[in-house]
Each structure stands twice: as structure tokens, then as C-alpha cells.
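**Student:** Sequence:
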Amino acid sequence: MWLTVQIGPDDQEGGHLFQILVCTPDWIKSKYCSQGAVWGGQHMLIVFEYDKDLIVKEISNYVGGCSGKEFWDVAQKLSRIGAWEYEDYEP
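No gaps in the numbering here: position 38 of the sequence shown is 38 in UniProt numbering, and each next residue is one more.
By construction, these hints were calculated from the structure, which means they are not laboratory data.
Backbone N, C-alpha and C define an ideal beta-carbon position, used for all residues, glycine too.
Hints are not guaranteed to be accurate.
Claimed, not checked - The following label-pair restraints were derived from C-beta to C-beta distances:
#: 1; residue 1: Lys69; residue 2: Gln19; range: 24 to 30 angstroms
#: 2; residue 1: Glu70; residue 2: Gly40; range: 28 to 34 angstroms
#: 3; residue 1: Asp10; residue 2: Ser30; range: 17 to 23 angstroms
#: 4; residue 1: Trp39; residue 2: Glu13; range: 32 to 38 angstroms
#: 5; residue 1: Lys69; residue 2: Leu17; range: 30 to 36 angstroms
#: 6; residue 1: Gln12; residue 2: Gly65; range: 18 to 24 angstroms
#: 7; residue 1: Gly14; residue 2: Lys77; range: 18 to 24 angstroms
What the hints assert, rightly or not - Here are the simulated BS3-like pairs of lysine-lysine, each with C-alpha atoms no more than 30 angstroms apart in a straight line:
#: 8; residue 1: Lys77; residue 2: Lys57
#: 9; residue 1: Lys31; residue 2: Lys52
#: 10; residue 1: Lys29; residue 2: Lys52
#: 11; residue 1: Lys69; residue 2: Lys57
All chains, please: the whole structure from these sequences, using the hints.
**Tutor:** Below is the structure:
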């Protein structure tokens, strides 16, 4: 299931959107087994069961571990786990 999360600086309203594919090993197998192989991992959280509390905890822990001078620096790190709406954007 695709999950869209909004993350932004504490001192501002709103945030940037990141999309994360939350799936189980069984889903990966059912979706890609016939292909024999799959490129994966980016923007994907693999869980052994769909547990909302666990999913929120894992994402929160990752977000809490990110730091930077500006939010843009933090967002670059967050884009490793979620497809960022501004990914590859160049001002």
C-alpha cells in the first residue's frame, strides 16, 4: 500500500509530501515472483504484518534521526525512504 506522509519544519505549517510503499515479503513475492527478480528497496518499507503502530514508529524513528542546517537538507535525507514531491528539483 502506498502511504503519503507530510513532513515539515516544526516552526512552519504544512510540509513536503513523501510517498512510501509499505508492503510485506508475501506481497513482494506475489507481485514479482513470476519475473524472477526485482529491483527494489528505494521508497519501500517492508513489514512482516500491516501494523499501523509499527509503521508509524519506524517512519518517526527515521525522521527523528535526520538533521541538517535547513529543512532542504533534511528533505534530501528523507527522500531516501520516500518519493519526495521535489525529488530531482533544481531551483
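**Student:** If a hint holds in the structure, say so; if it doesn't, say that too.
**Tutor:** Outcome of the hint check:
1. Taken as a hint, the range 24 to 30 angstroms holds for the pair Lys69 and Gln19, whose Cβ atoms sit roughly 25 angstroms apart.
2. The supplied range of 28 to 34 angstroms is met by Glu70 and Gly40, whose beta-carbon atoms lie about 31 angstroms from each other.
3. Taking the beta carbon of each, Asp10 and Ser30 are about 40 angstroms apart, not inside 17 to 23 angstroms as hinted.
4. Separation of Trp39 from Glu13 is about 37 angstroms and conforms to the stated range, judged on CB atoms against 32 to 38 angstroms.
5. Judged by the Cβ atoms, the range 30 to 36 angstroms given for Lys69 and Leu17 is violated: they are separated by roughly 22 angstroms.
6. Against the hinted window of 18 to 24 angstroms, the Cβ-Cβ separation of Gln12 and Gly65 comes to about 20 angstroms, which satisfies the hint.
7. Take Gly14 and Lys77: their Cβ atoms lie about 19 angstroms apart, and the range 18 to 24 angstroms holds.
8. With a CA separation close to 18 angstroms, the supplied pair Lys77 and Lys57 stays within the 30 angstroms bound.
9. For the proposed pair Lys31 and Lys52, the alpha carbon gap of about 22 angstroms is at most 30 angstroms, so the pair holds.
10. Between Lys29 and Lys52, the direct Cα distance comes to roughly 22 angstroms. Compliance with the 30 angstroms bound is thereby established for this hinted pair.
11. This hinted pair checks out: Lys69 and Lys57 have alpha carbons roughly 24 angstroms apart, not beyond 30 angstroms.
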